[in-house]
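**Q** If you read the sequences in order, they're chains A and B.
Going by this note's numbering, the first sequence opens with residue 1, and the numbers climb by one from there.
Going by this note's numbering, the second sequence opens with residue 1001, and the numbers climb by one from there.
If you're looking for bench data, these hints aren't it; they were derived computationally from the structure.
All C-beta atoms in this analysis are idealised placements derived from N, C-alpha and C, irrespective of residue type, glycine included.
A few of these clues could be false.
[Claimed, not checked] Dumping the calculated DSS-like pairs for lysine-lysine here, alpha-carbon to alpha-carbon at most 25 Å:
| # | chain 1 | residue 1 | chain 2 | residue 2 |
| --- | --- | --- | --- | --- |
| 1 | A | LYS269 | B | LYS1158 |
| 2 | A | LYS428 | A | LYS199 |
| 3 | B | LYS1431 | A | LYS272 |
| 4 | B | LYS1311 | B | LYS1431 |
| 5 | B | LYS1158 | B | LYS1103 |
| 6 | B | LYS1097 | A | LYS272 |
| 7 | B | LYS1158 | B | LYS1051 |
[Claimed, not checked] Some chain B residues close to chain A (C-beta under 8 Å, calculated; not the full set):
| # | residue |
| --- | --- |
| 8 | GLY1041 |
| 9 | ASN1259 |
| 10 | LEU1260 |
| 11 | SER1359 |
| 12 | MET1364 |
| 13 | PHE1390 |
[Said to hold, decoys possible] Cβ-Cβ distance ranges computed for the label pairs, FRET-style:
| # | chain 1 | residue 1 | chain 2 | residue 2 | range |
| --- | --- | --- | --- | --- | --- |
| 14 | B | LEU1198 | A | GLN125 | 35 to 45 Å |
| 15 | B | SER1019 | A | ASP335 | 27 to 37 Å |
| 16 | B | LEU1252 | A | LEU267 | 37 to 47 Å |
| 17 | B | PHE1028 | A | THR191 | 56 to 66 Å |
| 18 | B | ARG1163 | A | PHE207 | 53 to 63 Å |
| 19 | B | ARG1248 | A | ALA115 | 52 to 62 Å |
| 20 | B | GLN1118 | A | GLN70 | 50 to 60 Å |
| 21 | A | GLY105 | B | ALA1083 | 17 to 27 Å |
| 22 | A | PRO113 | B | ASP1373 | 26 to 36 Å |
| 23 | B | LEU1252 | A | THR191 | 16 to 26 Å |
| 24 | A | LEU404 | B | GLU1068 | 50 to 60 Å |
| 25 | A | ALA86 | B | ALA1369 | 26 to 36 Å |
| 26 | A | VAL147 | B | LEU1341 | 29 to 39 Å |
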Amino acid sequence: MTPALTLLALLLLTAAAFWIGRGRSLATVGGPRGIRDLHSLPGHYGMLTALWCAAPALLIAVLWWMFQDQVLMGLVTSHLPADQRALPPGEFGLLVNDLRNVIAGNATMANVPPATAAAAAEYLQLRSAARLALTVLVLALGIIAIVMVRSRIRPEMRARNSVESAVRAVLFLCSLLAVLTTLAILLSVLTEAVRFFAKVPVTEFLFSTSWSPQMAIRADQVGAEGSFGAVPLFTGTLLISLIAMLIAVPIGLMSAIYLAEYASRRLRKVVKPLLEVLAGVPTVVYGFFAATTLGPALRTLGENLGLEVASESALNAGLVMGVMIIPFVSSLADDMITAVPQSLRDGAYALGATRSETVRQVVLRAALPGIVGGVLLAVSRAIGETMIVVMAAGLAANLTANPLEAVTTVTVQIVTLLVGDQEFDSPKTLAAFALGLVLFVVTLALNAIALYVVRRYREQYE
Amino acid sequence: MNSTANRTSKQTQVLVARSLRRRYRSEFIFRALGVLAVSLGVLAVFGLFGKIIADGASVFRQSYVTLEIYYDPEIIDPEGGRAPEALATADYQALIKAALREKFPDVEGRANLRELYQLVSSGSFLSLQRAVVANPSLIGTRAQLTMPADDTVDMFVKGQVGRNAPVAERRLTDQQVAVVDRMTAAGILTMQLNREFLGNGDSRDPEQAGVRGALMGSLLTLGLTLLLSFPIGVAAAIYLEEFAARNRFTDLIEININNLAAVPSIVYGLLGLAVFIGLFGMPRSAPVVGSLVLTLLTLPTVIIASRSALKAVPPSIREAALGMGASQVQTVMHHVLPLALPGMLTGAIIGMARALGESAPLLMIGMVAFIVDVPQGLTDAATVLPVQVFLWSDLPERAFIARTSGAIIVLLVFLVVMNATAVYLRNRFEKRW
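This is chain A alone, in the form it adopts within the complex:
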């Protein structure tokens, strides 16, 4: 009995439950003619029966599947010979890996030591027993539920109300998922970060300027601990974001102004979607462009000007990131500018202001809170952007304000620390979560400030 078959059986039983409940409700009032004596529609009685049949059984099944592997693995490994159980964690992990490979069918029993093969066989045996037991349990639960609900169906039973409160509960749970996601992000990042700060003091992480999270090959190696001063990462992130904003804000804002105030309707209709295309391009594409096209071009340009440009310079990543953010700034600014009522412009024109004076002194000032909010959101986008900097910025944690040198960012370091197989416990892996926490908090704060600015300073036009 594979899980899919169990689910299929449950599904069939649920369908049966629907028809049983529906039929029963009609039977209590003497067939379809008596339908007006029923409190709810026959389908509601059917749905109620089906719900009671499926929901508890499904809940049990999901819980079972979540823990089945851990329980079975614990059982099987506790039956391994004593000398194997006493292996150091690393080797034991390899053994468990072997075991999993045999179980998954990626390796044959003949290729592993007999003890592992025996354990795998035991696992498989236990698993098929567990699956069978689960199927029986689920179906039994379903049948019991059907029988019980069926016996309670009366014409005056408020089946619709029960079904509808179940529907509402499901809808509510779905919307609760958003809150749960935030909690899960916070908890998962926070717990790992706390473990990291137990090994590396917070003050060192936040204020020390040397970042070299080496991989320790041996535990007693010199410098095995590495140093985790994240200041160069923060400055690198800020430098690249700053360059990006220097590109995106003027271009985005000016094109929004031009398209909203000057351009003809036709031009606007063509150009606006064209600019928005930039927002839909996956960021790997930008990263690839920066790494293979813009990077070398900047380098050649720098050589011709007598400047030394690193091939993974902050300028390169920042420029491309700026291009990525242009549509973000321009569409937000466009919304804000078009929201400014025409009467304000007309007033300015009536006083003799030129178009640009109207825009600068009236429209932009009225739209300013929205634009500032939009820019803040764009900054948080730039700080959290990953692929462009992974591909175009470097790994060297230089503490510099020179855009021609290579810098690294928070996101780049998270990726380099976590890509590939690693132990979950080393400060190196945990450092990524500490960085993630910083990233999460900073972007959240920027977002909150942006919303606050928009709400607090927005002019209300009636």
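Given the coordinates of chain A, work out where chain B should sit on it, guided by the hints.
**A** Just chain B now, kept in the frame of chain A:
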């Protein structure tokens, strides 16, 4: 104020004329800046796409060498038992080498022959192997077989490296160039649709590397993501829009959703790594985990889009249904939801398009491995298109630059198709009340 009052109208006119010149100049500059900004933006679009297409278009055609292969029983199956293991492990490379020697009998000497062999993709024997294992009766026959040329030959034929470039850059010796010319003249070196690129998984040989594996990975991941995030997102939107009381808790949920939409995607990757892989022990690199992470990532987008679709349904519909005695749930399920569904679907497709281009969170959960096999199921190790782009962009072979651009083109085609579907759906089903 006094000085203004004492000015004659003549003086004022002069003053105004002077300041007007200045004001008109600044008006012109402002306007020019606007044009400049728009042109820069448009230039960026064309530059980006132009560069990608220019680099990647060539990858959809590839040079193939057609050789007459003799399925020599002596080499494939000297024992004659046709045992599947023997067939699977035979030296098929030798068959290709023999065919090349037969075609170019004048190439002699160990070094020269090795150079000759290098012209055909070193992975070609795999297709021979597959053919023979599937159909052992081929053994002993002769057949024309078309196989990809080596990537150096391909780039040379396409003119991406110059004929007179130094050998180190051309990566073909003079003798090899001569043979390539002879092959072209004999008509056995031809350009054809690149079947490897569209039909293979990843490979270390550029001429054998394809996007099929990544494409399947993307489809599996996105399929499950859609199945999860669309119903959940719609349900959440219905609750918030139609049922929820306006209280602090609903406000909290709303603020939460807006904040989640602004959380960097890489943070979702951390969540996936810590919770799905660390806590629940789900497999690394698997599309299931990828789609769970992408579900959480796209959920805010789907919820926000679905809510605005629900908002667009006029209250009169609800009032009419309620007036006829429908319950609130019936009103929503039977009347409001069907009307809002096209809008919701549009939002979901846009969310999926975003998920298709997403790679950072997938790096975190290990969907970044070198995977040759095309994934078949949700728990097979897989990678997705943007991650494949990322992986290839790191490789040193020049031929991979074209492949990366080719993969980007495939990715962009999918994005365009999805967005076009969304626009079509919106135009087709959008009702104006």
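**Q** None of the hints should be skipped; say for each whether it holds.
**A** Here is what the structure says about each hint:
With a C-alpha separation of about 40 Å, the suggested pairing of LYS269/A with LYS1158/B is violated against the 25 Å cut-off. Taking the CA atoms of LYS428/A and LYS199/A, the gap is about 10 Å. The hint holds against a cut of 25 Å. For the given pair, LYS1431/B sits about 24 Å from LYS272/A by alpha-carbon distance, which is consistent with the 25 Å threshold. Of the supplied pair hints, the one linking LYS1311/B and LYS1431/B holds, its CA atoms being roughly 13 Å apart against a limit of 25 Å.
With a C-alpha separation of about 23 Å, the suggested pair LYS1158/B and LYS1103/B falls inside the 25 Å cut-off, and the hint holds. Taking the CA atoms of LYS1097/B and LYS272/A, the gap is about 58 Å. The hint is violated against a cut of 25 Å. The straight-line distance between the Cα atoms of LYS1158/B and LYS1051/B is roughly 17 Å, inside the 25 Å bound, and the hint therefore holds. The beta carbon of GLY1041/B is positioned within 8 Å of a beta carbon in chain A (closest approach about 5 Å), and the interface hint is therefore held.
Evaluation of the ASN1259/B hint against chain A yields a held restraint, the C-beta minimum of about 6 Å falling below 8 Å. Taking 8 Å as the C-beta cut-off, the interface hint given for LEU1260/B holds, the closest approach to chain A being about 6 Å. Interface hint at SER1359/B: satisfied, since its Cβ lies 5 Å from the closest Cβ of chain A, which is below the 8 Å cut-off. A least Cβ separation of about 6 Å between MET1364/B and chain A falls short of the 8 Å threshold, and the interface hint therefore holds.
Of the supplied interface hints, the one on PHE1390/B holds, with its beta-carbon coming within about 5 Å of a beta-carbon of chain A, less than 8 Å. Range check, LEU1198/B to GLN125/A: about 44 Å between beta-carbon atoms, so the 35 to 45 Å window is met. Between SER1019/B and ASP335/A the beta carbons are some 34 Å apart, a value that agrees with the proposed interval 27 to 37 Å. A hinted range of 37 to 47 Å for the beta carbons of LEU1252/B and LEU267/A is consistent with their spacing of about 44 Å.
For PHE1028/B and THR191/A, the hinted distance range of 56 to 66 Å is satisfied, since their beta carbons lie about 60 Å from each other. The hinted window of 53 to 63 Å between ARG1163/B and PHE207/A holds, with their beta carbons roughly 59 Å apart. Range check, ARG1248/B to ALA115/A: about 59 Å between beta-carbon atoms, so the 52 to 62 Å window is met. With their beta carbons about 52 Å apart, GLN1118/B and GLN70/A fall inside the hinted range of 50 to 60 Å.
A hinted range of 17 to 27 Å for the beta carbons of GLY105/A and ALA1083/B is consistent with their spacing of about 23 Å. Checked against the hint of 26 to 36 Å, the pair PRO113/A and ASP1373/B passes, with Cβ atoms roughly 27 Å apart. The hinted range of 16 to 26 Å is satisfied by LEU1252/B and THR191/A, whose Cβ atoms lie roughly 23 Å apart. The hinted range of 50 to 60 Å is satisfied by LEU404/A and GLU1068/B, whose Cβ atoms lie roughly 58 Å apart.
Range check, ALA86/A to ALA1369/B: Cβ separation about 32 Å, and the 26 to 36 Å hint holds. About 37 Å separates the C-beta atoms of VAL147/A and LEU1341/B, a value consistent with the hinted range of 29 to 39 Å.
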